[in-house]
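Engineer: For chain A, the structure is supplied; the task is to place chain B on it using the hints.
Taken in order, these protein sequences are the chains called A and B. In terms of the numbering used here, the first sequence opens at residue 1 and continues consecutively. In terms of the numbering used here, the second sequence opens at residue 296 and continues consecutively.
Honestly, the hints are just simulated from the structure, not real lab data. Please read all numbers here as calculations on a predicted model, not as lab measurements. Note that beta-carbon positions come from the ideal geometry of N, C-alpha and C, so glycine has one too. A few of these clues could be false.
Calculated lysine to aspartate or glutamate pairs in the EDC-like style (CA-CA distance at most 16 Å, straight line) [said to hold, decoys possible]: (1) B:542 with A:276; (2) B:565 with A:186; (3) A:278 with B:484; (4) B:565 with A:276; (5) B:565 with A:131; (6) A:253 with A:276; (7) B:436 with B:421; (8) A:147 with A:186; (9) B:502 with B:484; (10) A:290 with A:246; (11) B:565 with A:274; (12) A:266 with A:276; (13) A:278 with B:476.
Going by beta-carbon spacing under 10 Å, a handful of chain B positions derived as facing chain A [what the hints assert, rightly or not]: (14) 354; (15) 439; (16) 492; (17) 494; (18) 497; (19) 517; (20) 520; (21) 543; (22) 544; (23) 547; (24) 558; (25) 561; (26) 565.
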Amino acid sequence: MTINSQTNKPDSAPPLLQLSHVSISPKKTPTRLLVNNVSFSIDAGKTTCVVGESGSGKSLTALSIMGLLSKQLQLNTGKVLFNDTNDGVQDLTMLNEVSLQKIRGAKIAMIFQEPMTSLNPVLTVGYQIGESLTTHLGLKGERLKTKIASLLEMVGIPPSRANSYPDELSGGQRQRVMIAMSIACEPRLLIADEPTTALDVTVQAQILKLLDDLKTRMNMGMLFITHDFGVVADIADHVVVMFRGEIVESGTKEQVLGNPQHPYTKALLACVPDAEGKKALKPIDYAWLKQESVA
Amino acid sequence: MVEAGVSGVSDIILQANGLVKTYTQRSGKFGFGTTLVKALDNVSITLHAGTTLAVVGESGSGKSTLARCLLQLQPLDSGEVIFAGQDLSKLPASALRDVRKNLQMVFQDPFASLNPRMRVGEIVGEGLLIHGLGSATERQKKVIAMLKRVGLTEADMQKYPHEFSGGQRQRIGIARALVLEPKVVVCDEPVSALDVSIQAQILLLLKALQQEMALSYIFISHDLRVVRHIADDIVVMYQGKVVEQGKVADIYEQPQHEYTQNLLAAIPGKKDGVGKKVVNA
Numbered sequence: 001m002t003i004n005s006q007t008n009k010p011d012s013a014p015p016l017l018q019l020s021h022v023s024i025s026p027k028k029t030p031t032r033l034l035v036n037n038v039s040f041s042i043d044a045g046k047t048t049c050v051v052g053e054s055g056s057g058k059s060l061t062a063l064s065i066m067g068l069l070s071k072q073l074q075l076n077t078g079k080v081l082f083n084d085t086n087d088g089v090q091d092l093t094m095l096n097e098v099s100l101q102k103i104r105g106a107k108i109a110m111i112f113q114e115p116m117t118s119l120n121p122v123l124t125v126g127y128q129i130g131e132s133l134t135t136h137l138g139l140k141g142e143r144l145k146t147k148i149a150s151l152l153e154m155v156g157i158p159p160s161r162a163n164s165y166p167d168e169l170s171g172g173q174r175q176r177v178m179i180a181m182s183i184a185c186e187p188r189l190l191i192a193d194e195p196t197t198a199l200d201v202t203v204q205a206q207i208l209k210l211l212d213d214l215k216t217r218m219n220m221g222m223l224f225i226t227h228d229f230g231v232v233a234d235i236a237d238h239v240v241v242m243f244r245g246e247i248v249e250s251g252t253k254e255q256v257l258g259n260p261q262h263p264y265t266k267a268l269l270a271c272v273p274d275a276e277g278k279k280a281l282k283p284i285d286y287a288w289l290k291q292e293s294v295a
Numbered sequence: 296m297v298e299a300g301v302s303g304v305s306d307i308i309l310q311a312n313g314l315v316k317t318y319t320q321r322s323g324k325f326g327f328g329t330t331l332v333k334a335l336d337n338v339s340i341t342l343h344a345g346t347t348l349a350v351v352g353e354s355g356s357g358k359s360t361l362a363r364c365l366l367q368l369q370p371l372d373s374g375e376v377i378f379a380g381q382d383l384s385k386l387p388a389s390a391l392r393d394v395r396k397n398l399q400m401v402f403q404d405p406f407a408s409l410n411p412r413m414r415v416g417e418i419v420g421e422g423l424l425i426h427g428l429g430s431a432t433e434r435q436k437k438v439i440a441m442l443k444r445v446g447l448t449e450a451d452m453q454k455y456p457h458e459f460s461g462g463q464r465q466r467i468g469i470a471r472a473l474v475l476e477p478k479v480v481v482c483d484e485p486v487s488a489l490d491v492s493i494q495a496q497i498l499l500l501l502k503a504l505q506q507e508m509a510l511s512y513i514f515i516s517h518d519l520r521v522v523r524h525i526a527d528d529i530v531v532m533y534q535g536k537v538v539e540q541g542k543v544a545d546i547y548e549q550p551q552h553e554y555t556q557n558l559l560a561a562i563p564g565k566k567d568g569v570g571k572k573v574v575n576a
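Chain B extracted, bound-state conformation:
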């Protein structure tokens, strides 16, 4: 954890103001009707440099839409995303491409997010190639260094994704995102598909890399135990709206909104959890 982030005096690296995103959904008999679904309803967030901002909420709360809209992987209806003094939603495609190397994403499903027909070396090096960074040998050096840093080997460059376990694939996904030395990394449920033992490895790796590379994370998760460990700040989303935000410690100790209270009460294994009460009743 970077000290500046903890003391709260760090600079703002990414700011989103008043994001709105609406989907149309087919409804009614045979899907002839349409209804509007507000996936993001006036959402504003602030990410400080070197810190981790967690976005929590249940499925359908709009947290993944938020991730995609921040990186302009989906167009916004309205609102602005300010990174390095520029509003990303107004940038032309070519300028956006240049900015993108500073904004990377680690995806949820390590089985679906890696191209099965590319070798690991190609997957990790593709970003460098697209952005024209360095010569072929320099690129290879960088890829090897990055793979080693996330706990893989040079020989793994020649392998295909199917030859790896879930945890190793997530390491490849992290190497792919970080080889470009980004400023901001959006992690969309990076450990939810992993075993608890592997999950701990990946969380510690993400934390160590954050310190080494001065990264800022937006960490999307539905697991409040994981969030408690990795995040500095937290945003709680419910039905497309931000219902509560603040420092993790404050929100966990004194949740104000009813939904946050419900979410915290539902953490399995808490002393006031479901099991004991029911058995004794």
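Isolated chain A (complex conformation):
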């Protein structure tokens, strides 16, 4: 099945999340589109990777899903259709702040790039994991403690570390805590914005495996943002390639990595070094790319 928004399997349920024709611009200059007409969908239990260079609009696209765009930016057009099992399909862009708060952390959760800066340094990690459990599920006391312990165990941290502060943990452990926080309420969709970029390669492999395991076990949909094609090859089901705010190519991992169609995808793949050292590196020639795209 392609991830093009128009071509869902006719007999299947709507996808977990569907972005259709999303455009984002600064409020002051509405004609300058930072994200231009982006459409793709994510299925439950599948991972969609959005790949692109910095400035390609991949993070903005992710932020727009939960209405987290900065105040200087606006969503010009587009729908974010979220298929919730209880409430049916709703357009997240139409919801008010109160309704969005009920979805954030509970049904859609997010993991950020910097595990060093996204935890509160003056609160224990156990408290921070528990916050969303209290807010969304009303857990308190012993039941809360047990749940926190089981979450820590699930991400591979000894439950006794619940009383530790973030600075007492390593980078990899902090990212595990972030993951524990995000999956606490068993969200239907997990958005991960470059969650392993700041980590060592061995730790990165562990975290990727953990996310992939959790995705399968909890049947979550995952939107994974990265600029590393190696990571894409490891975890993606579908791939969306973004360039200067637009989707230039999308398809299954096998299609996009094995048989790229767009010149930009080809060029981007050509500058990724391979572990065998056989490939000659080729930087992107943007002038050539421009001609090629027009032609």
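Structural biologist: This is chain B only, laid out in the frame that chain A set:
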């Protein structure tokens, strides 16, 4: 790549023997206790002229400490660093300054390593000024030539670092290091902060400059895919110790140490990588 380096008959340009560096770290309640951390534990490396020696390892393995100790930016506890027949760790400060123009460094973070209040022309030309090389006009000529060589323009001399992108800033950092025509350049994760497309540009630039200027690189990195492309020899560090070293091709094909094997297995996108196995399991 210089031919001599590949065939392995080149001269040794920099040699470090038995480097030891220990830090004290506060520990225990309120940091009243101290523990010793061995950042470098009897580390020895050899750099051949015109080749690239990669130092790989995870964060905390001591690879950046090694870089700083080689250039005497940090004092060693013990051990010697031999460059041009002299032990750098024993040189007095004035003599060390003269040697330093032959030993330059390209830093990891192009956003933090350039003085935001200096113009690019001043940043790149500062080394020439400090070492008293040439007249003002000669210095300017050299700076312009170097900027052009790394892909910037003469007009960029008047600009400040914030006016440039990450990749361009790294080009400025490279121009700053190379304008002194050094023999040895230590590159501390020079591309890890850059996009993959920019990364390829910078790697190719470093390779081309190595050939033109007969440079020898010590290339510190945690990205084994990058190392495979740029390095001739490799040193694998783990917890302050060298656990394995040799030719890149040999180590990648037949890693002996368990840690090296783990490191190579963790490269994302390898066929035996994490993703596929998990999904099928």
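Engineer: Can you give the numbers of the hints that this structure goes against, from lowest to highest?
Structural biologist: 2, 3, 5, 6, 12, 13 and 15
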